[in-house]
Structures are given as C-alpha cells and as structure tokens.
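**Q** Just need the whole structure built from these sequences, with the hints factored in.
There are 2 protein chains.
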Amino acid sequence: MALRENRQVRLVARPHGIPHAEHFALVTEPVAAPGEGEILIENRYLSIDPAQRGWANDEGNYSAPVPLGTPMRALAVGEILASNAPEFRPGEQVFGWFGWQRYCVTTPDAVLRRVIPSRLPLSANLSVLGMNGITAYLAFHGLGDPKPGEHVLVSTAAGSVGSFVGQLAKIAGCRAVGLTSSADKAALAKARYGYQDMINYREAADLGAAIRAACPDGNDIFFDNTGGPIADAAIRTMRLRGRVIQCGTAANASWTPAPQGPRPEREILTRRLRWSGFIIFDHLAEFETAAARLAELALAGKIVHDEEILPGLEHAPGAIARLYRGENHGKLMIAVD
Amino acid sequence: MALRENRQVRLVARPHGIPHAEHFALVTEPVAAPGEGEILIENRYLSIDPAQRGWANDEGNYSAPVPLGTPMRALAVGEILASNAPEFRPGEQVFGWFGWQRYCVTTPDAVLRRVIPSRLPLSANLSVLGMNGITAYLAFHGLGDPKPGEHVLVSTAAGSVGSFVGQLAKIAGCRAVGLTSSADKAALAKARYGYQDMINYREAADLGAAIRAACPDGNDIFFDNTGGPIADAAIRTMRLRGRVIQCGTAANASWTPAPQGPRPEREILTRRLRWSGFIIFDHLAEFETAAARLAELALAGKIVHDEEILPGLEHAPGAIARLYRGENHGKLMIAVD
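If you read the protein sequences in the order shown, they are chains A and B.
Sequential numbering of the first sequence, starting at 1, is according to the UniProt record's numbering.
Sequential numbering of the second sequence, starting at 1, is according to the UniProt record's numbering.
Bear in mind the hints are in silico, worked out from the structure with no lab data behind them.
Computed from a predicted structure; not experimentally measured.
Heads up, the beta-carbon is just placed ideally off N, CA and C, and yes, glycines get one too.
A portion of the hints provided could be inaccurate.
Stated by the list, open to error - These stretches of chain A come out as covered by chain B in the derived footprint (C-beta under 8 Å, 3 or more residues):
hint, stretch
1, 219–229
2, 253–266
3, 278–290
**A** Now the structure itself:
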C-alpha cells in the first residue's frame, strides 16, 4: 500500500479552561500501514464538542486528559480503507474515536458503531445519530422521565444537544422553553427546535424574572448544559419533584478553584428535586436503540438537525473556543478536506 | 366536663433564622370543650425538630409559616380524653399535629396514626417510630438505594435522624462513617449507632482531608442533614453514580439571601451523582409500613433509640436553639408535666 500523507491536529500545550488555537499544532506525517488486528480509517467529518475542553485540561475529570503531542481526542465518522481485523471490511462506514486527523490507524475497540445505512447524510452520524442526538434522547427520557403536559426548560437550547431536547420534549407532549444567547438563535429554536418560547439570557436584566415570565407555572424538568447563573435561576423555578439533568457545565471555563454560587441544597430539599449527572459514555449499551429511534424520527421528518460544517482541518484548532463563544448554529463539525 | 387549664407555648415573634426563647410565650387559658366532630387530646410528649425553624420563619418553605399568637406547630403523642368523632374513643393513644401545649382540641385529620401497641415506651413514637426513625428509614432505603458493601457517609450522625441512618446502613450491610460536632457524640455514635468511624468536624482543620482519611474508598451514599461546608466536602468524595440525600439544611441559619458556596454542578456531572431532596410529609402513605418495620427492629434489639427528654413545657421555648447548638444526645423532646 502506498504511503499516505496524514494531517493531524495535535494538542501541544495544556490549556487552563477553554482550549484555543495556540494549544494545537497542525502536523503532517506519513500514515503507518495498519498492523495485525488494526484498521485504517479515512475520516470524513470530525466532531467539535464541549466535552473536549475537559479532555484537553488536566483537572479531575471523567476521562483521562489527552496526552500532549497526540491528535486531539474526538469523535469522527469515516470509511475503512484497509483492515487487518476480521470484523471490518474496506468500504464500511464507521463512527468512533478516530481523533482530529485525516487518517486513523487504530484497533476495532475505537469503533463505537457502524453507520446505520439510510438516506440521512453521513454527517448526521455526528449530530442527530451521534453523541448529541443520543445524549438528548437518553438523558431526557432516562433522567427526565417526562410526562405529557409537563414543563421543560433547556439551557443552550439552540445548541448541539438542546436543539434535539426541544424537539423530543414536544414529541413527548411537553411544553418546552429554551435559553440561548442571541435573538437569531432564539428565533431559530422557536422555528425549528420545538420550543414554545425562548429567553435570550444576554438581554435579560433579571434572569429569574425572565424565566418566570416565560414559564409562569414553573418547570418540571430542567435540562442543563451550562450550570452557573442560568442554573442558579432555573432551579429556583422548579416545581415540586422536578428533575434537573446536568448534561454539561459550559458556563464556567475553569473549575480549579471551584467557582462560587448560591447554595442549592435548600432548593433541592424544599422542592424535592432530583438533580442527576448524565455522561453519554455510561450508556454505550443503549446506543444502537437510541440511534435507530432517532433515525426513524429524522427520516419521518419529525426531528430536524442543523449542522455547521467548517471546511478543512485547519479550522479545528479554534473550533472549541468558537463553540464556547456560542457562535455556531447547530452541531459544529469539521469536514476533512 | 370540668374546664381544664391549658398551658400553651405560642409563637409571638417572627424569627429570622433560628427561633430562640424570646420568640415564644407560655400562656395559660381554659380548654374549650371539643365541638361536633372534634377530639380532645392530652399530650404526653412534644417533639423538638430542626424543621420547626422553617415553620416559625416566614420564608419560602415547604409548609405555611405558623401564625403568630398560636401554639407552635409540633408533632406530639398523647391520649384521647374525649371524642365527638366516631373513629376515636377516649383512652386511645395517638400521634399527630397537636402542637406545643398540654391539651389539644382538634379534628381527626390532625392525627397521623394511632400508636402501635407494643412494649416500647410511648416516647418511642416521637423517635424511632416517629418522624426521625421513619425519615431515616424511607430516605435511606427510598432515595439511597443501598447495596451491601457500599460506603455511606452521614452528617449529624449522632442526631435524631442520623442515629438511625447509621444503624440502618449497618443492617443493610454497608460501611457507615458519620460526622458530628464533639468527641463525646463521636464515641456514642461508634458505640451505639452502627458507625464504623466518626469525624469530629469541629476539630478537622481540613474537612475534605478528614473525610478522605475516614473514607479512603469514597462514598456511595451521602445522607446529609446539614448542607454547607460539610456537604461541599462530602460530595467531593462521592464515587461514580453516588446518591446524595438532602434531608435537612441545618448548617445555614438563614436562606435569604442565599448563602454562597462552591458550585456543585461539575461534581454532579463528572461523578454522575443523583442528588435528591427528602421531606417526610410526602410519604404519609408509607408511614405505617415503616413504623411497623422499625418497631420490629427495635423490639428485636437490632436498633437502639436514644432520647433526651426535657421535663416540662417551660423548656420548649429554648429547645429549638438548643437543638441547633448541637447540645442534645439523641431525639430531643418535652415531657408534658
């Protein structure tokens, strides 16, 4: 097999908080041939996720930090070019831990699942059928326990997960209200993502009052991707026996030392809340079922998915910071050129 | 029926935070005869509970504030002297909302349950068979979901609820460690309440380090009656998928404005915690079953109950503050003289 030139985006400096372009380097080197039991994948789309901030940092986290000098950890979807593993054949499309690079030589355990053949575009495997759609589906239904007629509040409602939560809430017969950072995103979320009302938190002088105005009857479920002042205000609008789903903590760029906020324990007690953390990697066994159900909803036109695809690996280094600035519309990813 | 002199402890001033003796007045007046459908109860024991702080205050709470000029809201156990309600007869012993007073004229809905006839002393209906024992039982088993071999941390471990949680944890095959405010209480809790180890938080220079030393493998369940800095440290020792039971918030005397603390949302997320609030009054339907099970354990000598009984109604006004100073050993109550 002829040697191919690989392009990789490597983590070369340890960020404190949000990783910026200067923490990465674009490197070109030949691809090694796959060894015994290995596969060679050509990536088509690379995922940009809020969780990458945590992976790049070196603070107590739910997965080990990315070693310096290696390609940034990332989900990707690609095609198998060569296989020395019996369970994969060239031409198969797969989704998994293939990193920020054009080519990936790895073992089969990096593959999370084969791509479900459908009329959906390949990029859908990083959005509605990827971690975002599956996170929304499993967290909302698993921890949220939604019942028809319940009231749902969602932070980063126009974001990669929130855009699905609003739609799933509507499908479940709930009334969903979202929080977002611009009037454009608010309009988009109302038009496309199932939200009955939206709050632009950057324009709200009093966040608590803005939420109470949009949710006059309080909330049964708060699906939170941010934490911080939005969560402080939101949990103070919860109805009795409300469920708070902590799915991300994007509001704080650094957790060492722990930022301060108003204590929640009295709210948890008096409102009898159930506040749970959700991390998708605990739920790999439920993955295929969720993806199949989401594909069905997407193909039936019941759930839409918006993607912002940046053309070329050179956009990867600044993409996480872009995500945290809230500049993306829908799921942010990189098309490998 | 001859008129009886009633002695009442009335709330006469609205506290901000912990109610002290000066917020109450001891008043004597004749008891009215029970009207149609009413019962007359002679109280034997009156309960002193941390929740009375909230009932006396006028801040958003899980029950309406006690009106000024009325007997302090309290659980009590007593005997029916006269009944104009068909379901009760004189001589029956009952447990319910009879207030800080010797005699109570009320309607049957103030009765929570009849006293279970047993060899246990009547006061046990305010401790192991009262709100404390039942709270420990239902919160620990209902929200804690304990499994044999799991590690349990309990705040106010020598207190009215914590003294049962340690014993129930031990019966469930768990390893329990408790937090308390003195060496005496620590010794008592180790000797009598099922705790394998105890932490005197007043002597711990670094609370997190003290908990990690006593719980080197972390904790699966944190049963919290305090909130505040103890909870901050405790949740940072939780194992993956740990359960935090918020059963009280005694560490903070006032919640307006909300006191500040280190934000918990990152811990909830990365440790996949489930943090739930428990209030016993949501669980009246499970009450009889829990009391029967606890009576069985108490009669079999598998669970002990310590009570501190103050002799005479005149001790009631200062008793809530005494509880918050942590001076009691076991369940604090008043014997009506």
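**Q** Which numbered hints are broken by the structure, listed smallest first?
**A** none
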